[in-house]
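In order, the protein sequences belong to chains A, B, C and D. Position 19, counted from 1, in the first sequence is what this note's numbering calls 19; the numbers after and before it change by one each time, with no gaps. Position 119, counted from 1, in the second sequence is what this note's numbering calls 119; the numbers after and before it change by one each time, with no gaps. Position 29, counted from 1, in the third sequence is what this note's numbering calls 29; the numbers after and before it change by one each time, with no gaps. Position 1, counted from 1, in the fourth sequence is what this note's numbering calls 1; the numbers after and before it change by one each time, with no gaps.
Please keep in mind that the hints were generated in silico from the structure rather than gathered at the bench. Take these hints with a grain of salt, some might be off.
Straight-line C-alpha distance at most 35 Å; calculated DSBU-like pairs for lysine-lysine [unchecked claim]: (1) D:LYS103 <-> C:LYS142; (2) C:LYS5 <-> B:LYS135; (3) C:LYS9 <-> D:LYS13; (4) B:LYS9 <-> A:LYS37; (5) D:LYS135 <-> B:LYS135; (6) A:LYS43 <-> A:LYS142; (7) C:LYS103 <-> A:LYS13; (8) D:LYS135 <-> C:LYS5; (9) C:LYS88 <-> D:LYS13; (10) B:LYS9 <-> D:LYS135; (11) B:LYS88 <-> A:LYS13; (12) D:LYS88 <-> C:LYS88; (13) D:LYS142 <-> C:LYS9; (14) C:LYS43 <-> A:LYS120; (15) C:LYS39 <-> D:LYS142; (16) C:LYS103 <-> A:LYS88; (17) C:LYS13 <-> A:LYS37; (18) C:LYS135 <-> D:LYS9; (19) D:LYS135 <-> C:LYS43; (20) D:LYS103 <-> B:LYS43; (21) B:LYS9 <-> A:LYS135; (22) A:LYS43 <-> B:LYS39; (23) C:LYS5 <-> A:LYS5; (24) B:LYS103 <-> D:LYS43; (25) C:LYS120 <-> B:LYS103; (26) A:LYS9 <-> B:LYS88; (27) C:LYS43 <-> A:LYS135; (28) B:LYS142 <-> A:LYS120; (29) D:LYS43 <-> C:LYS142; (30) C:LYS13 <-> D:LYS5; (31) B:LYS9 <-> A:LYS142; (32) B:LYS43 <-> A:LYS88; (33) D:LYS103 <-> C:LYS43; (34) D:LYS39 <-> D:LYS88; (35) D:LYS43 <-> D:LYS120; (36) A:LYS39 <-> B:LYS5; (37) A:LYS135 <-> B:LYS88; (38) D:LYS142 <-> C:LYS88; (39) A:LYS13 <-> B:LYS135; (40) A:LYS88 <-> D:LYS103.
There are 4 protein chains.
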Amino acid sequence: MSEKKLCYKVAQKIFETENFASSIGIEMVDIDDGFAKVKMEIKDSMKNGNSTCHGGAIFTLADTAFALACNSRNIVSVGQFCDISYVKPAFIGDTLVASATEKYLSGRTGIYDILVTNQKFETIALFQGKSRAIKGLVIEEKEVS
Amino acid sequence: MSEKKLCYKVAQKIFETENFASSIGIEMVDIDDGFAKVKMEIKDSMKNGNSTCHGGAIFTLADTAFALACNSRNIVSVGQFCDISYVKPAFIGDTLVASATEKYLSGRTGIYDILVTNQKFETIALFQGKSRAIKGLVIEEKEVS
Amino acid sequence: MSEKKLCYKVAQKIFETENFASSIGIEMVDIDDGFAKVKMEIKDSMKNGNSTCHGGAIFTLADTAFALACNSRNIVSVGQFCDISYVKPAFIGDTLVASATEKYLSGRTGIYDILVTNQKFETIALFQGKSRAIKGLVIEEKEVS
Amino acid sequence: MSEKKLCYKVAQKIFETENFASSIGIEMVDIDDGFAKVKMEIKDSMKNGNSTCHGGAIFTLADTAFALACNSRNIVSVGQFCDISYVKPAFIGDTLVASATEKYLSGRTGIYDILVTNQKFETIALFQGKSRAIKGLVIEEKEVS
Numbered sequence: 001m002s003e004k005k006l007c008y009k010v011a012q013k014i015f016e017t018e019n020f021a022s023s024i025g026i027e028m029v030d031i032d033d034g035f036a037k038v039k040m041e042i043k044d045s046m047k048n049g050n051s052t053c054h055g056g057a058i059f060t061l062a063d064t065a066f067a068l069a070c071n072s073r074n075i076v077s078v079g080q081f082c083d084i085s086y087v088k089p090a091f092i093g094d095t096l097v098a099s100a101t102e103k104y105l106s107g108r109t110g111i112y113d114i115l116v117t118n119q120k121f122e123t124i125a126l127f128q129g130k131s132r133a134i135k136g137l138v139i140e141e142k143e144v145s
Numbered sequence: 001m002s003e004k005k006l007c008y009k010v011a012q013k014i015f016e017t018e019n020f021a022s023s024i025g026i027e028m029v030d031i032d033d034g035f036a037k038v039k040m041e042i043k044d045s046m047k048n049g050n051s052t053c054h055g056g057a058i059f060t061l062a063d064t065a066f067a068l069a070c071n072s073r074n075i076v077s078v079g080q081f082c083d084i085s086y087v088k089p090a091f092i093g094d095t096l097v098a099s100a101t102e103k104y105l106s107g108r109t110g111i112y113d114i115l116v117t118n119q120k121f122e123t124i125a126l127f128q129g130k131s132r133a134i135k136g137l138v139i140e141e142k143e144v145s
Numbered sequence: 001m002s003e004k005k006l007c008y009k010v011a012q013k014i015f016e017t018e019n020f021a022s023s024i025g026i027e028m029v030d031i032d033d034g035f036a037k038v039k040m041e042i043k044d045s046m047k048n049g050n051s052t053c054h055g056g057a058i059f060t061l062a063d064t065a066f067a068l069a070c071n072s073r074n075i076v077s078v079g080q081f082c083d084i085s086y087v088k089p090a091f092i093g094d095t096l097v098a099s100a101t102e103k104y105l106s107g108r109t110g111i112y113d114i115l116v117t118n119q120k121f122e123t124i125a126l127f128q129g130k131s132r133a134i135k136g137l138v139i140e141e142k143e144v145s
Numbered sequence: 001m002s003e004k005k006l007c008y009k010v011a012q013k014i015f016e017t018e019n020f021a022s023s024i025g026i027e028m029v030d031i032d033d034g035f036a037k038v039k040m041e042i043k044d045s046m047k048n049g050n051s052t053c054h055g056g057a058i059f060t061l062a063d064t065a066f067a068l069a070c071n072s073r074n075i076v077s078v079g080q081f082c083d084i085s086y087v088k089p090a091f092i093g094d095t096l097v098a099s100a101t102e103k104y105l106s107g108r109t110g111i112y113d114i115l116v117t118n119q120k121f122e123t124i125a126l127f128q129g130k131s132r133a134i135k136g137l138v139i140e141e142k143e144v145s
C-alpha cells in the first residue's frame with residue numbers, strides 16, 4: 001500500500017474517533033504526508049458577540065487541519081503549543097478552508113503552518129502548531145494491511 | 001450604576017448576541033473589570049482523535065473568558081493574536097474553568113492571561129490573548145442607564 | 001529610481017543609524033521588497049551557559065532580517081510581537097543566515113517568517129515577527145531622489 | 001547547603017561560562033528557585049534603526065532571566081520556544097530590569113513569564129519562555145558540597 005493511502009486511512013480513523021470537528025461541520029478536502037486541507041461553512045450557531053464568526057470555531061478548523069497533518073505519517077502526535085493571528089473577520093455564510101503544511105519535522109518535534117482563507121481567497125487567519133510525537137500508531141499494522 | 005454592574009451588563013449582552021460558546025455549554029461564573037471566569041463540562045461531543053477533549057473546545061473556553069475580560073470596560077475589543085499551551089489532557093466528564101486576568105492595558109492594546117484548570121485544580125492549558133480596541137461601545141449609553 | 005534601489009537605500013540607512021546588529025557582526029546579504037537576508041559568524045563572545053550560541057544572539061540575527069524586511073517599502077515599521085522556536089543548537093565558528101519573507105501585509109499590520117540556518121543548511125531556528133507601520137518614512141523624499 | 005545557596009551557585013556557574021549577556025552589561029540582581037532578576041543599562045551600542053533600544057538587546061535581557069530561572073534547580077534546561085511583546089520603546093540611558101517567574105513546571109516542561117520594566121517602573125516588554133530539561137546538572141555534586 002502506498003504512503004498516500006496510509007495517510008488517508010489515518011485521517012479516516014481520526015474522523016471516526018473524534019466528534020467535535022464533525023459536530024461543527026468540518027470536512028476533509030485533501031490529505032497527504034505532512035499536509036491536510038479541511039473546510040467548514042460558517043453557520044449562525046458559530047456567531048460571536050460581534051455577530052461575526054467566533055474565534056474558537058476558526059481555531060478549531062485550523063487545529064483540525066494541524067492534527068490531520070501531524071498524524072499523517074501514522075505516528076500519534078499531539079498539539080502542544082498553538083498560536084493564531086486573526087487578520088480579517090469571517091461572516092455567517094462564508095466557507096473557510098484551512099491548509100496545513102509541514103514547516104519543520106525532526107525527532108519528535110513538528111512545526112506546522114496553517115492558512116485559513118475564505119471563498120474569495122482572502123486570508124482570515126494564520127495558525128502555527130507545534131506537535132510532539134507520543135507512543136503508538138494511529139492505525140495498528142494489522143489494520144493497515 | 002457601579003462599574004461592576006456595567007461589566008455584568010456587557011457580559012450579558014455578549015452572551016445574548018453570541019451563539020458558539022453557549023452552544024457548547026460555556027457558562028459565566030464571575031466577571032469584573034479586566035477579569036472573567038467561565039466554565040464548561042466536557043461532553044462526548046467534544047472528543048478528539050485521541051478520545052480526549054478536542055483542543056478547539058479548550059481554546060474556545062479560554063477565548064470566551066478572554067473576550068469577556070477584554071470587553072469588560074464596555075469598549076468593543078477584538079482578539080488579534082492568541083496562543084495556547086496544552087500541558088495536560090482533559091477528559092469526557094471533566095469540568096474545566098477558564099480564568100482571564102488583565103496583564104497589560106495601554107491605549108488600544110490589551111494582553112490577557114487565561115488559565116484553564118480541571119475540577120482537581122490541575123492546570124490543563126495556559127492561553128495568552130492580545131486584544132485591540134476598535135470603535136464603539138458594547139452597550140450604548142441609553143442601554144446602560 | 002526603481003523600487004529595488006529604494007529598499008537598498010532603506011537598508012543602508014538602517015545600518016547607518018543602528019549599532020547593535022553591527023556590533024555583533026551582522027551583515028546584509030540580500031534585500032528586496034518584503035524580503036531580507038542577513039548573516040553572522042558565531043564568535044566566542046556569543047557563548048551561553050551551555051557553551052553554544054546564546055539565544056539572544058540568534059534572536060538578534062533573525063530580528064534584524066525582520067526589521068529590514070518590514071521597513072523595506074520605506075514606511076517606518078516596528079516589531080510588536082515576535083516568537084522564536086529553537087530547534088538545533090548553533091556552535092562557535094558556525095555561520096548563520098537569516099532569511100525574512102513577508103507572509104501577510106494589509107493596512108498597518110505585517111507578518112514575517114524568518115528562517116535561520118547554518119553553513120550546512122540545517123535549520124537552527126524559526127522566527128515569526130508581527131510589525132506595525134507607524135508614521136513617517138525611513139528615507140525622506142529628498143534623500144531618495 | 002540550602003536550596004537558596006544552590007541556585008546562587010548555579011547562576012554563578014552560568015555567568016562564568018557564558019559571554020554574551022556579560023558582554024552587553026547584563027548583571028544579576030536576584031535569584032531564587034524558579035525566579036531570577038537581571039538588569040542592564042541601555043548603551044549607545046544597543047541602538048536600533050529608530051535610535052531606540054534594539055529589540056535583540058531587550059530580548060537578550062529577558063532571555064537571560066529566563067535561563068537563570070529555568071536552570072535554578074540545577075537541572076540543565078534549554079529554552080525551546082520564546083515569544084516577546086514590545087509595548088513601549090526603551091531609550092539610551094534607561095536601565096531595564098527583567099524578572100522571571102515560574103508559571104508552570106511539570107516533568108521536563110517549564111513555562112516562565114518575564115516582565116521587562118524601566119527605571120520608572122513602566123512595562124517595556126512581556127516575554128514568555130518554554131523550557132525543556134535535558135540530561136545533566138549545571139553543577140556536579142562534588143562542586144555543590
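Structure versus earlier hints - violations, ascending order: As far as the earlier hints go, 1, 2, 3, 4, 5, 6, 8, 10, 13, 14, 15, 17, 18, 21, 23, 25, 27, 28, 30, 31, 36 and 39 are violated by this structure, in ascending order.
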